[in-house]
Amino acid sequence: MARLNDDAQWIVLMGFIVSFSFFFLALVINQSTVVGQTTAESVIEFPKNDIRDIREVIGESVKSDDLNDINDDISVISMQRKSAVVKYTNDTGTNPTIIEIHYNNGVTAYNETWTLL
Amino acid sequence: MKHTDGGQLYTIEGFAAALIMIITAFLVVNATSIYTAGDTHISDMQLEALGTDALKMMDVAPNSKISTNFGTPLQQIIEANPVDSTMFNTTFSEIINQGTFQNPNTIHYNATYTCRNINSDNSLTSNSITQNRNLTGGEHTVRATKWVIIKDTNGNVCDRDTYQAVLVEVLLWRD
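Chains S and R, in that order, give the protein sequences.
Per numbering that gives the first Met the number 0, the first sequence starts with residue 0, numbered consecutively.
Per numbering that gives the first Met the number 0, the second sequence starts with residue 0, numbered consecutively.
If you are wondering where the hints come from, they were derived from the structure by calculation, not from laboratory data.
You may find that some hints are simply not true.
[As the list claims (entries may be wrong)] Straight line, CA to CA, 27 Å or less: simulated DSSO-like cross-link-like pairs of lysine-lysine:
no.	chain 1	residue 1	chain 2	residue 2
1	S	Lys47	R	Lys55
2	R	Lys150	R	Lys55
3	S	Lys86	R	Lys150
4	R	Lys55	S	Lys86
5	S	Lys62	S	Lys86
Given the sequences, and given the hints that come with them, work out the whole structure.
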């Protein structure tokens, strides 16, 4: 095997360093397209509005005459349209009224005991 | 032990080969996960927040001292016989398409409500409220929902004339 020509080794080395730094810069640009994805996804996945809405409607239903029908409405429609298990007690016989709310959509579970004076 | 400077190019070549192999492995592993660009989700998030806020605004009762109508606009829309789609369209379109510029936004929606047939088999019925553009199936929609407690004295909503909870669902999308 002929003797290897070892001239210009520094130039070759610098060439490698520059080309690999280009590669890593390209990697950084590549990652910038997914900026905010995790944040936006977790905001969409977290059912903040659903839970607020459920609490609001449950609070409103307690004043109604047909609260047992409404209770079933909320459970059945939540299950079929929102894929969420919603159960709550509306025992208005006690004083103070204690409402236990259970919400679970498979990702987020929310439980609350609400005391209405 | 004496250090010689022979074989430096072989060392550089070895490093280069190692890096190429690592990069190849990285690209191959990375290629299996598919990322949608982050801005898709960001605009979805905004559209959902906008729709939810609009529905919430429509479910705020007017001042009962100055209005002869009781109940929130959303309750009145569903309790009306037939469902007051004109009022829904006017109110909802105005809220979601308001902008600071002269040209309005072009957000489209399709609104339905779902009630439960308590008198028959507990099945659900979804009825259309209105839409400002027909869904063709290719749209990328987000859903905003709102629970409303209504009392439809006409008995049109799932044949019930007592208080009941219905779910108003709105699909929103942009062109």
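Structure-based check of all given hints:
Of the supplied pair hints, the one linking Lys47 (chain S) and Lys55 (chain R) holds, its CA atoms being roughly 14 Å apart against a limit of 27 Å. For the hint linking Lys150 (chain R) to Lys55 (chain R), the alpha-carbon distance of about 19 Å falls within 27 Å, and the restraint holds. With a C-alpha separation of about 22 Å, the suggested pair Lys86 (chain S) and Lys150 (chain R) falls inside the 27 Å cut-off, and the hint holds. Between Lys55 (chain R) and Lys86 (chain S) the alpha-carbon distance is near 23 Å, which keeps this suggested pair within the 27 Å criterion.
Note on Lys62 (chain S) and Lys86 (chain S): the hinted pairing holds, with a Cα-Cα distance of about 18 Å set against a maximum of 27 Å.
Violated hints for the displayed structure: none, as all numbered hints are satisfied.
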